Structures are given as C-alpha cells and as structure tokens.
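Participant: For chain C, the structure is supplied; the task is to place chain E on it using the hints.
If you read the protein sequences in the order shown, they are chains C and E. Reminder that position 81 of the first sequence reads as 215 in the numbering used here, one-by-one numbering, no gaps. Reminder that position 9 of the second sequence reads as 329 in the numbering used here, one-by-one numbering, no gaps.
For the record, the hints were derived by calculation from the structure and aren't laboratory data. Here the structure is a predicted model, which means the values were calculated and not measured. A portion of the hints provided could be inaccurate.
[Said to hold, decoys possible] Taking lysine to aspartate or glutamate and the EDC-like style, the derived pairs with C-alpha atoms no more than 20 Å apart in a straight line are:
hint : chain 1 : residue 1 : chain 2 : residue 2
1    : E       : K323      : E       : E398
2    : E       : K677      : E       : D597
3    : C       : K203      : E       : E536
4    : C       : K176      : C       : D225
5    : C       : K221      : C       : E242
6    : E       : K426      : E       : E674
7    : C       : K176      : C       : E151
8    : E       : K667      : E       : D597
9    : C       : K203      : C       : E151
10   : E       : K549      : E       : E444
11   : C       : K203      : C       : E247
12   : E       : K649      : E       : E674
13   : C       : K221      : C       : E244
14   : E       : K368      : C       : D163
15   : E       : K387      : C       : E162
16   : E       : K426      : E       : E574
17   : C       : K203      : E       : E444
18   : E       : K368      : C       : E247
19   : C       : K221      : E       : D606
20   : E       : K387      : C       : D163
21   : E       : K649      : E       : D606
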Amino acid sequence: MGVVQSKRAERMFYMGEDRRITEHPILEDLREPDTYILYNGKSIPAITGEPIAAALLAAGVRIMRHTAKSGQPRGIFCGIGRCNDCKMIVDGVPGVRTCVTLVREGMEVETQEGLGEWRDLA
Amino acid sequence: MRKVQLMIVGAGPAGLSAGIEAARAGVQVTIIDENLRPGGQLFKQIHKFFGSRVHNAGVRGYRIGEKLLQDTKDLGVEVLLGYPVYGIFPGGEVVYGSADGVRQMKAEKIILATGANENNLYFEGSTLPGVMTAGAAQTMINLHHVLPGTRVIMVGSGNVGLIVSYQLLQAGAMVEAVVEAAPSIGGYGVHAGKLKRAGVPFYLSHTVRRAFGSTEVEAVELVELDQFKPVHGTEKMIEADTVCMAVGLTPMTELASLCGCELVESRWLGGLVPAHDHNMRTTNPDVYIAGDISGVEEASTAMEEGRLAGTAAAESLGYITETEAATRKEEIHRRLALLRSGQFGAKRAEAKAEIEKDFAMRHRGGAVS
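Bound conformation, chain C alone:
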C-alpha cells in the first residue's frame, strides 16, 4: 500500500484556498477551524492552539513581511522560530515570529513593512 502521485496539481498556491490536510493515511485528529484571526483586517479561519503561520498558510497567505531596505517579500522559511523571516505585526506589536506564536481568537495580524510600526497602545 502506498501513495501514488497521480493527480497533477492544477493550479499554483493562491490566496483564499484552503490548504488544510483533510485526509491522511497516518495522521489522526485532523481538526477543523474553531476560531478566527484577522489578517490585514480580513477574517480567516484558525484552529485554537496552532501557530499564526499555519492559519495563514492554510488560507493561502505566504507573504509575511517585506524587507526594510529593498521591500522584498519574505515568508515561512524555517518554521521553528530560528530564522525570523515570518515576523509580522501581531496585535500592534511588530517583529512577532508567527511560526511559534499561537492563535488567539480575533487576533490582529498584519503584513510587516520593514521593521514595522508599533501601534499606539495608550
């Protein structure tokens, strides 16, 4: 019994498509979204306890920030909190590593431009 690579993927990864794994030969407890976060003001589904980056990838979002000097896009690279490529502005705080920061209901996540701006928390 094995996996056969038969179906050719029709399209590229694109924004809005659900990329959650719903069928798997080994993985159990595949959960469904039970909450939401706000991505640049738009609500996207999320699962309590998953990292922000997982919810974003599931929704087809792959650009997390743009670099300070040349504005180049950056996305998930190491996925375990080492490389800093996935930093975004979370609830007004810039530089948050989305691959190791867990989802909370209604959390506001924004694409970070350069070093990002702190929101006036007063």
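Facilitator: The following block gives chain E in isolation, referenced to the frame of chain C:
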C-alpha cells in the same frame, strides 16, 4: 538563585532520554527548552524507524516521543517549556528568558542537547516566499496539518529529503522533482524506492540555479552538474510553487562555546562539534553533550547518547557507583555500535572514534578524565 543538580538544555530525544536515565538513578533533573512543545523533532516523524527491536524498529517516531514524555512524567522530571537559554556562565549559572523577563538558575552539572540547525543554499530567488527548509515543510504538514505548497521541488536526496518528500505526497502535495548534486541518491534505497514507485522524478547531478516569481515561487530552473560544476546549456525550467531544501544540518554549539568547551571539526558529523570523551563529557568537566550537537546522526543515536550522558552525569554526582555505571555505559555503547554500522553508520562510527581518541590523547592525566 534556584539550584538544581542537573540541568538539561533541549527536550528532544537526546535531552529527554538523558533526563530519564539520570532521574532513574535518583538525580534531581530539570529539562529546559525554548519550544512550547517537548519532543524536539520526534513528533514530526510519522514514518517507522529502522534498526533492531531495541531501537524501536517499526515504531513511528511520534509514538517514541509519547513514550519518552510518559517516562519523564512518571519519574517527576521537571520540563520547562517556552524558555530560551541565553547563556551559561562560570559556576553553572544558566540564564534564560521567560515571559516575566530574564531568570537564572544554578546547575551542578549540565547536559547540552540543543540539536542542529538546517543548512540552506543560496541562489537567485532563494529568499522568495515558497523557498523553505525541508524541516519547515515537515513541521507544517505533520504537526500543523497544513500544506506549505502544492507543487514541490525537493533539493537534496539524503534521508531527510526522501522522507519529507514522501510525507508531502502523503499530505496531498505533488513532488515535481527530487534534485541531487551528487551522481547518486544520498539516502536509503527503501525511501527512494517509495518515491520512485509513486512516480516522482529524480534529477541526479543537478542543482537549483534560480527560483522565479514576482512575489512567490512560480518556477525553478535546474541545471546539470559535471563534477559539481554547472554545464552550460543544460538548464531546464520546472513549474513549482515550493522549493524545499534538505541539504544537511549543522550542530548548534553556541552554548557549548559559552561553557568554554573546545570545538573540533568533523566533516562526517556536520562541522564543528564540542570535543568529547567516551562518556559524552566535554572539555568543561561539568558539561556533557548528547544528540545532534555532538554530531548530526539520527533520533535513535541521540537517545542512546542521551542515556550515556545521563548515566555519566549521575555517576559524577555520586548516584551510581563506578562499577554500576561502567556496566550501563558498556551496554549503551554496544547498542550505539549497532546503530553506527552499515553503509552510512560506519563513517559516523569512525568519526566518533577519532574525536574520542583525540580527546583521550590531549587530556590524558589532565583535569578532565
């Protein structure tokens, strides 16, 4: 300042095994890890392990992880999660971060089980979203159950590249190519065979030259290599939205350096590793190492090295007699020898033996015994 007998940095297979072994001997153990979940990379390993029955052959990695966590719980080992260790200072002062700021703890003995970092390649477009380490893809599919992309090019055909490629297929992605700079596949034939049967194309003597895309990866240009040099005119384009890099790992030795441990170079073990003896003790007599920090190998060897370091630390703390410790260590060494045999293991066995021999020569009769 809080005092502990044994502080273990890293709650992966090596650190947990070390903690279990030392706690069984009666040592008061604290394991600290920067991650929110324990187990290191074990819970991402959904494939069955190889080897003999004592090494959990046929058992999936995450089941082994569950067993280790149960044992630490049963033995009352303290596991602190979400605390990055920033530094270790003379006298065993461990400084770590927490939500409430920086804290300190003093440890009589320390075991560093920090693991390794994934290597990466640099090419035009390698910073585009969609280019990631194989580990990142594995984390996303097996731990978070999300596809990081749908059409993947895997760079590197070692066991990590092969296993993650297959796991990407299991998760529902397409693997458009496995690219290998060497003229032959690096990993086990059994893993490569599964991919071949699934119809995954292998590009041997090839590498990635460029990744194209305006804001994300859309296509990748491969080029053929002759003696590892690109051959002009052999470029080919493959459509893909993801490039995964499985091009080796480098031991994470920063904390060992801070502890004053001497480092030695070993090409078969991933680069610079802390010099260590037969008992995993470094040139700092209070500091031991275990797992990938002492040379990149496998989870099975990491667990055995953890047991070795845990036994040695318990012995030096006076919880096991020299004779008893010698018996236990001998058993562990016997199992390690089994793991370090065959096509891939023999080179690692040689490299390890060289490090231990060198250590024994240089520190004969010195402070470190």
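Participant: Could you run down the list of hints and mark each one as holding or not?
Facilitator: Results of checking the hints against the structure:
With a CA separation close to 13 Å, the supplied pair K323/E and E398/E stays within the 20 Å bound. Pair hint K677/E plus D597/E holds up; C-alpha atoms about 8 Å apart against a cutoff of 20 Å. Between the alpha carbons of K203/C and E536/E the distance comes to roughly 19 Å, so the proposed pair stays at or under 20 Å and holds. A hinted pair counts as satisfied when its Cα atoms are at most 20 Å apart, and K176/C with D225/C qualifies at roughly 14 Å.
With a C-alpha separation of about 13 Å, the suggested pair K221/C and E242/C falls inside the 20 Å cut-off, and the hint holds. Restraint check for K426/E and E674/E: not satisfied, since their Cα atoms lie roughly 33 Å apart, outside the 20 Å limit. Annotation: proposed proximity of K176/C to E151/C holds, straight-line Cα distance about 14 Å (limit 20 Å). Restraint check: the Cα-Cα separation between K667/E and D597/E comes to about 18 Å, which is no more than 20 Å; the hinted pair holds.
The straight-line distance between the Cα atoms of K203/C and E151/C is roughly 31 Å, outside the 20 Å bound, and the hint therefore fails. Restraint check for K549/E and E444/E: the C-alpha separation of about 17 Å stays at or below 20 Å, so the hint holds. Distance check on the hinted pair: K203/C and E247/C sit about 10 Å apart at the alpha-carbon level, within 20 Å; holds. The suggested pairing of K649/E with E674/E holds, with an alpha-carbon distance near 19 Å, which does not exceed 20 Å.
Of the supplied pair hints, the one linking K221/C and E244/C holds, its CA atoms being roughly 10 Å apart against a limit of 20 Å. Distance hint between K368/E and D163/C is fulfilled; the C-alpha atoms sit about 19 Å from each other, no more than 20 Å. For a cut-off of 20 Å, the pair hint linking K387/E to E162/C stands: about 18 Å separates their Cα positions. With a C-alpha separation of about 19 Å, the suggested pair K426/E and E574/E falls inside the 20 Å cut-off, and the hint holds.
Only pairs whose Cα atoms come within 20 Å are accepted, and K203/C paired with E444/E is accepted, the gap being roughly 18 Å. For the given pair, K368/E sits about 43 Å from E247/C by alpha-carbon distance, which is inconsistent with the 20 Å threshold. Proximity of K221/C to D606/E is assessed by CA-CA distance (about 37 Å); at most 20 Å being required, the pair is judged violated. Pair hint K387/E plus D163/C holds up; C-alpha atoms about 19 Å apart against a cutoff of 20 Å.
Distance hint between K649/E and D606/E is fulfilled; the C-alpha atoms sit about 18 Å from each other, no more than 20 Å.
In the structure shown, a violation is registered for the earlier hints numbered 6, 9, 18 and 19, in ascending order.
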